[in-house]
Amino acid sequence: MALSCHISDFLSSNGSDDFSAGEYYSFKRVPQNVKHVLGYSRRVLQPTATYCVFKGGTAYFNGALSFSQIALGQLNCSSSHPINDCEQQTSTIVSVINSCNSNNADSCTPDIDTFRIVEILNNMKKDTKLAFSFFSQLKEAGFQHNVYTYSALITNLCHSGFQKKLDELFLDLVVTYKENQCLQISELLQTLTEEVEFDQSLVRAYDALIKAYASVGMFDEAIDLVFYMNRCGFAPHIFACNYLIQCLIKQDKVDMAMAAFKQLKRIGVRPNGYTYAIIMKMLCKKGRLEETLDVFLEIEEGGVAHSTIAYRAYIEGLCTNQRSALGYHVLQACQGASRPVGKHAYAAVIHGLCKEMKIKEAEKAFLDMETQGLVPNAHVYIALIHGYCNSGQLQKALSLCSYMMSNGVKANSLIISSILQCLCKMGMHSEVVNQFTDHKDSGIYLDEVCYNIVMDALCKLGKVEQAVNLVEEMKAKKMVLDIFHYTTLINGYYLQGKIEDGLNLMDEMKEKSGLTPDVAFYTMMISNYCKINCLSKAYDLFHYMKKKGIEPDVTCYNVLIGLHCKAEHLHEAFAVFDEMTAKGLEPDIVTYTALLSGYCTKGEMEKARLLFDGLIKKGLTPDVNFYTMMINSYCKVNCIREAYDLLHDMKSKGIEPDVICYTILIDTNCKMGNLKEATAVFHEMAESGVEPDLVTYRALLSGFYNKGDDENASILIQEMSSKGILFHNDSQISSL
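Be aware that the sequence shown starts at 14, since it is given in this note's numbering, and climbs by one per residue.
Hints listed in this document are in silico derivations from the structure and should not be mistaken for laboratory results. Note that the structure is predicted; figures quoted are calculated from it, not measured. It cannot be assumed that every hint is accurate.
Restraint ranges, calculated between C-beta atoms of paired labels, are given here [claimed, not checked]:
#1 D460 with D723: 54 to 64 Å
#2 K299 with L474: 40 to 50 Å
#3 K559 with S665: 41 to 51 Å
Think about it this way: if two alpha-carbon atoms lie no more than 20 Å apart in a straight line, the pair counts; the simulated PhoX-like pairs of lysine-lysine are [unchecked claim]:
#4 K544 with K473
#5 K142 with K177
#6 K525 with K490
#7 K298 with K368
#8 K649 with K620
#9 K356 with K377
#10 K278 with K266
#11 K649 with K615
#12 K266 with K299
#13 K491 with K544
Glycine residues also receive a C-beta, built at the ideal position from the N, C-alpha and C atoms.
Given only the sequences and the hints, what does the whole structure look like? Please build it.
Printed below as a string of structure tokens:
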């Protein structure tokens, strides 16, 4: 398109009176044909609305800088020039501005014409990128754009659908508008509002401004703009509203985000699936599951676009709030209603179920996922393998790992470390070393965590020097040693009684590696001293760490309390307990378990019960080990009724007794001659899904034999045989 660039044609056709030098004019006095060039033929302002941008028809530049008549002449181009000539014009304009910037302001006069720049922008409608570049270069050179130049570019961007450039323009405008004396955002909005009735594409500009306000935290302005649009009879795009809500959430303005969501619906803005997903993720993150359910039901009631992402957000939210079973139920309902939610929802469910130790349900979800034709990725395999390892199902973990690799998914450090850690927990330290060596030789990259696990295994095998060799191997591979690696090695030396070697390594850690021992490190050292009965050295280190400004935490105090309780030094244990609470540290279940163990060991059940009741009053929930300890202690002093009361109490709280707890009750009843009660507990145990072990069968068999009930004893032995639970020899049976 050719350019028609001579603004003097418009000025001369209307007389010089309209643009006399030195006066400030409202837009109302701009000649009609000039208005047409600007694209604002419908713009009418109040007579009082004047603009600093006009002085004799020219742009006011920085309050002081202006341009010569020669420079003004260089802005003009013949209508026969092609649009590509505007690149040369841009260069010319910028050079003029730079020339003025380098000279004394007094030597310049205001000569750059706003109308001239607007006309150039209007004639670049077919080359929006060039228009944006032209606009930006002028701004960078120091030209202060006004409502007319901004409006010309905004119209161009809206027509072309350049939303990202619009977003960029408005963000810059919001950030810098206070520096521009020639522009008020309110004036720009007024201009756009008068035009949007005839040009719906201009709504994109409002969307960009909402996003710009939200980006810089001007939330009141963003929300006001939404309501302003509503009053004017049009609405923002839901994408802009989603962005506003997301920004509110990032600033932790949850209630404000929820209010905005409700108000948007009230004024007729229809949320889509992404909107609902954003809201449900926010509510789930805050644990507000009832409100999340209300939002979910709202989706169900109305046909919401892109609802799949909203369903997935609800499922993931339930899983992060330990409601994975419900999440799986929703997932299955979606599948049944032909609303597939994809592999990410399955991954969230499997990960959540494994984290909640619901391994069978996780297995079912995994098989269901494959049935649906969805291919599990490494994250899904890692979650299930980790679940198997945490539940001690090593063989299943290894089998799944092999299955995974046969499907083309490579094993990685996360998977290997889970398996190695599981082996360690099971005391299979030699197997840890073998597995580590095999995986390393196969070319799988093993990270620092894997090295630390195998170092720990070597130390427990008494092979500390081999563990030290692994440190050198890590250094050769440029791997980073952290305090955990040093802690493992020092612990290994202490297990062998090599205190000096451990202390030397601690010095190396501080001096050569620059690592500073933390509270966890000192706690480990104190624990090591306790294990080898060096109580005085443990306390020396305890006082030393405090002197260094490292305050002991609950775990550290628990080590000392546990040591005193095992030695039946309850007075000293409570002295440490009092010091801990005086410092504002809250005792945890480990603290109370240690103290309870001390009372129970000494048979002081009244004090133990007071401690137990006090624990519950503080809002702490005893675990199965805590209850088992109390039940065992009551049984030892023949308080069987109190033991049963605790059994019923724990079950009412949803805490399932384990095999140890049931075995204690069976053994006690058998020793008291209550075979009927013992058998009842045995059957209750089976109904609860808890498998009896050799110790359980041994206790019940002993009861049958003591009563001369050989028939039931034989039945029990047959049951044991069918389950593969056998005595090693006949002498074990005869000893019952």
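Here is what the structure says about each hint:
Judged by the Cβ atoms, the range 54 to 64 Å given for D460 and D723 holds: they are separated by roughly 59 Å. Separation of K299 from L474 is about 48 Å and conforms to the stated range, judged on CB atoms against 40 to 50 Å. Evaluation of the 41 to 51 Å hint for K559 and S665 yields a pass: the beta carbon distance comes to about 43 Å. Taking the CA atoms of K544 and K473, the gap is about 14 Å. The hint holds against a cut of 20 Å.
Of the supplied pair hints, the one linking K142 and K177 holds, its CA atoms being roughly 12 Å apart against a limit of 20 Å. Of the supplied pair hints, the one linking K525 and K490 holds, its CA atoms being roughly 18 Å apart against a limit of 20 Å. A distance of roughly 17 Å separates the Cα atoms of K298 and K368; the hinted pair therefore holds under the 20 Å criterion. Simply put, K649 and K620 have alpha-carbon atoms about 16 Å apart, close enough for the 20 Å limit, and the pair holds.
Distance hint between K356 and K377 is fulfilled; the C-alpha atoms sit about 15 Å from each other, no more than 20 Å. The suggested pairing of K278 with K266 holds, with an alpha-carbon distance near 19 Å, which does not exceed 20 Å. Using a Cα cut-off of 20 Å, the hinted pair K649 and K615 holds, with the two alpha carbons roughly 11 Å apart. Distance check on the hinted pair: K266 and K299 sit about 12 Å apart at the alpha-carbon level, within 20 Å; holds.
Annotation: proposed proximity of K491 to K544 is violated, straight-line Cα distance about 35 Å (limit 20 Å).
Of the numbered hints given earlier, the model fails hint 13 alone.
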